[in-house]
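We have chain A already, so just place chain Z on it with the hints.
Chains as they are written, first to last, in our numbering: chain A, 95 to 455; chain Z, 380 to 619.
There's no promise every hint is true.
Unchecked claim - Distance windows between CB atoms, simulated:
1. Z/Gly515 - A/Leu383: 32 to 42 Å
2. Z/Gly490 - A/Glu233: 52 to 62 Å
3. A/Ala99 - Z/Gly515: 19 to 29 Å
4. Z/Ala510 - A/Pro252: 47 to 57 Å
Derived by calculation from the structure, the hints in this document are not laboratory data.
By construction, the Cβ of each residue, glycine as well, lies at the ideal position given by its N, Cα and C atoms.
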Amino acid sequence: MTARAWNIVGLVVVAVAGLGFLVLTPRLAELDTVLELTVYMVMAILALSLALVWGYGGILCFGQSAFFGLGAYTYAITMFNIGESTVPLLLAIALPAAFAALLGYFVFYGRISDVYLGVITLTVTLILFNSINSTAGPEFHIGSARLGGFNGIPGIPPLNIPGNRTAAIDLEGMFYLATGSLLAAYFGLRLLLVSRFGRIIVGIRENEQRAELLGYDSRAYKLTTFTIGGALAGFAGCLFANWGSFVSPTIFGLSQSAQIIIWVIVGGRGTLIGPIIGCVGIQWLSTVLGANQPSGAGSWANLLGNVPLVLGAVLIAFVLLVPKGLVPTLGDLGMKLLNARLPALPRNPAEPVKSERPESA
Amino acid sequence: MTTALLETRHLSRHFGGVQAVRHVDFTLAEGELRCLIGPNGAGKSTFFKMLTGQLQPSEGQVLFRGHDVSRAQAHDIARLGIGIKTQVPNVFDGLTVRENIWLAATRLHPGKRANTIVDEMLVRIGLTGLAGRVVGQLAHGQRQWVELGVVLSTDPDLILLDEPAAGMTHEEVNRTAELIREINRTKALIVVEHDMQFIRMIAKRVTVFNQGRVLVEDDVENILRNPLVRDIYLGKLAAA
Numbered sequence: 095m096t097a098r099a100w101n102i103v104g105l106v107v108v109a110v111a112g113l114g115f116l117v118l119t120p121r122l123a124e125l126d127t128v129l130e131l132t133v134y135m136v137m138a139i140l141a142l143s144l145a146l147v148w149g150y151g152g153i154l155c156f157g158q159s160a161f162f163g164l165g166a167y168t169y170a171i172t173m174f175n176i177g178e179s180t181v182p183l184l185l186a187i188a189l190p191a192a193f194a195a196l197l198g199y200f201v202f203y204g205r206i207s208d209v210y211l212g213v214i215t216l217t218v219t220l221i222l223f224n225s226i227n228s229t230a231g232p233e234f235h236i237g238s239a240r241l242g243g244f245n246g247i248p249g250i251p252p253l254n255i256p257g258n259r260t261a262a263i264d265l266e267g268m269f270y271l272a273t274g275s276l277l278a279a280y281f282g283l284r285l286l287l288v289s290r291f292g293r294i295i296v297g298i299r300e301n302e303q304r305a306e307l308l309g310y311d312s313r314a315y316k317l318t319t320f321t322i323g324g325a326l327a328g329f330a331g332c333l334f335a336n337w338g339s340f341v342s343p344t345i346f347g348l349s350q351s352a353q354i355i356i357w358v359i360v361g362g363r364g365t366l367i368g369p370i371i372g373c374v375g376i377q378w379l380s381t382v383l384g385a386n387q388p389s390g391a392g393s394w395a396n397l398l399g400n401v402p403l404v405l406g407a408v409l410i411a412f413v414l415l416v417p418k419g420l421v422p423t424l425g426d427l428g429m430k431l432l433n434a435r436l437p438a439l440p441r442n443p444a445e446p447v448k449s450e451r452p453e454s455a
Numbered sequence: 380m381t382t383a384l385l386e387t388r389h390l391s392r393h394f395g396g397v398q399a400v401r402h403v404d405f406t407l408a409e410g411e412l413r414c415l416i417g418p419n420g421a422g423k424s425t426f427f428k429m430l431t432g433q434l435q436p437s438e439g440q441v442l443f444r445g446h447d448v449s450r451a452q453a454h455d456i457a458r459l460g461i462g463i464k465t466q467v468p469n470v471f472d473g474l475t476v477r478e479n480i481w482l483a484a485t486r487l488h489p490g491k492r493a494n495t496i497v498d499e500m501l502v503r504i505g506l507t508g509l510a511g512r513v514v515g516q517l518a519h520g521q522r523q524w525v526e527l528g529v530v531l532s533t534d535p536d537l538i539l540l541d542e543p544a545a546g547m548t549h550e551e552v553n554r555t556a557e558l559i560r561e562i563n564r565t566k567a568l569i570v571v572e573h574d575m576q577f578i579r580m581i582a583k584r585v586t587v588f589n590q591g592r593v594l595v596e597d598d599v600e601n602i603l604r605n606p607l608v609r610d611i612y613l614g615k616l617a618a619a
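With the rest of the complex left out, here is chain A (with noise of 0.2 Å):
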């Protein structure tokens, strides 16, 4: 089979199992799982956002949450104020994705190396995170938002059908949006992967001097790429929300920021069905380990409920172990153990030739 058919087969079976995972699991599963896989699907989301821009457009961002965290308060803050969601929840895709771009706009135009735009970006949610942290009092406010500082902002209204402010979204119909958005970020990017502009992002980031001795001005496509990733990221902030009705700035923390690496370098880079399984995975264990933390302190069978210090342990050992991540690595065990079993491909003999003449400077 060619890898174009592969991909077919890959994308049929992410899409059977997608509908039925939608459509099975309000029926066999009790309410609280149901709820719990919600947020596991809003997350997924977030973690597509990063897999594009990190693992397609080759940009490392530290400050994912940034966008996250974003389209959570502009959705806070806006419903309070209007009372009905359909502005809200654009805004809440805008304005994280105008955020991208602004920053995107300096970071990418002003050429700055990739090691500083990790440092930046993630300087930025740290911003983010100690202004917000520091609204506590009754005069931070956004009309008749409260900002709420380091309590956060409770109570927030969900989402309603568009026009009708009395038809509010229910637990059930929070899941079935939040994983028929996956299921379209997923297959909206894995079209927008195949057309010329994602062709081209892969191509840049492969070699950006070589795109741009090609003529592309590599600078506007990767802004390009962020703003996308920014408006996924605030799409998702906005579901999280929702899921909730609460959002804290612990939102634009550290601890979330990393959270989002580690999804997509356990899932892979390069992939989008391995960041949503890396996110999931992580999240289930997550919830697995502190919920059977053990009493007793100072018990080494604490460590285990210690949820970073297990994390940590796991990104070590993907990071030294399982490199590319997941899905690229059991995809190349995969293909090795077909090629196995088909008769041998003939090889290139061809090796490189060595250089007889001096080389220039």
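For chain Z alone, coordinates are given in the frame of chain A:
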């Protein structure tokens, strides 16, 4: 006299105290094929980098078709019609041969036409059989051909080739010379090379760089007879 396609005026570049290129006045006519030779560190690669916008000149100007492109971005210069094949193959190593050429072709032809151009180019550079292979896994000489195909697919008016025959087998060198002569029927080229046999196969006029300056510019036969050139360059090679 034909109009100049490319002209540099007092073009200079220094890195700290090191003067890599000094006051180079260089003119290339429309459709011309020029060879650039000179010992290591003569400033040839720095000169190429300034022509393509990868380095900004410290002083002087680059004029392409009369437009000053001295301060232009690399991608703008590429769009004006200057393509470069660098010394070490500079390709999309993680992508297939087909994908590499497509990325070049789609810049001018965003639609389906790009696929036709890719197929034609694969035949022209003789890599149709390897179209699906990842470029990073190919031999050095093959990657040189991929880069040539990539550069040609953007259809530039001026092509800069930095040691196009380096690392190629004898037979590949002959094919490259033939291809360069064919390209020269429609396009101007500047070729940096060390291999005098190769230069004899392709060039009429040769510019010799030494210590960042143009030492001499003449027809290839005169250059080969020039004792000064022999001293600084050919003599060294003969001794090596």
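Now for the hints, and whether the structure bears them out:
no.	hint	result
1	Z/Gly515 - A/Leu383: 32 to 42 Å	holds, 40 Å
2	Z/Gly490 - A/Glu233: 52 to 62 Å	holds, 58 Å
3	A/Ala99 - Z/Gly515: 19 to 29 Å	holds, 23 Å
4	Z/Ala510 - A/Pro252: 47 to 57 Å	holds, 53 Å
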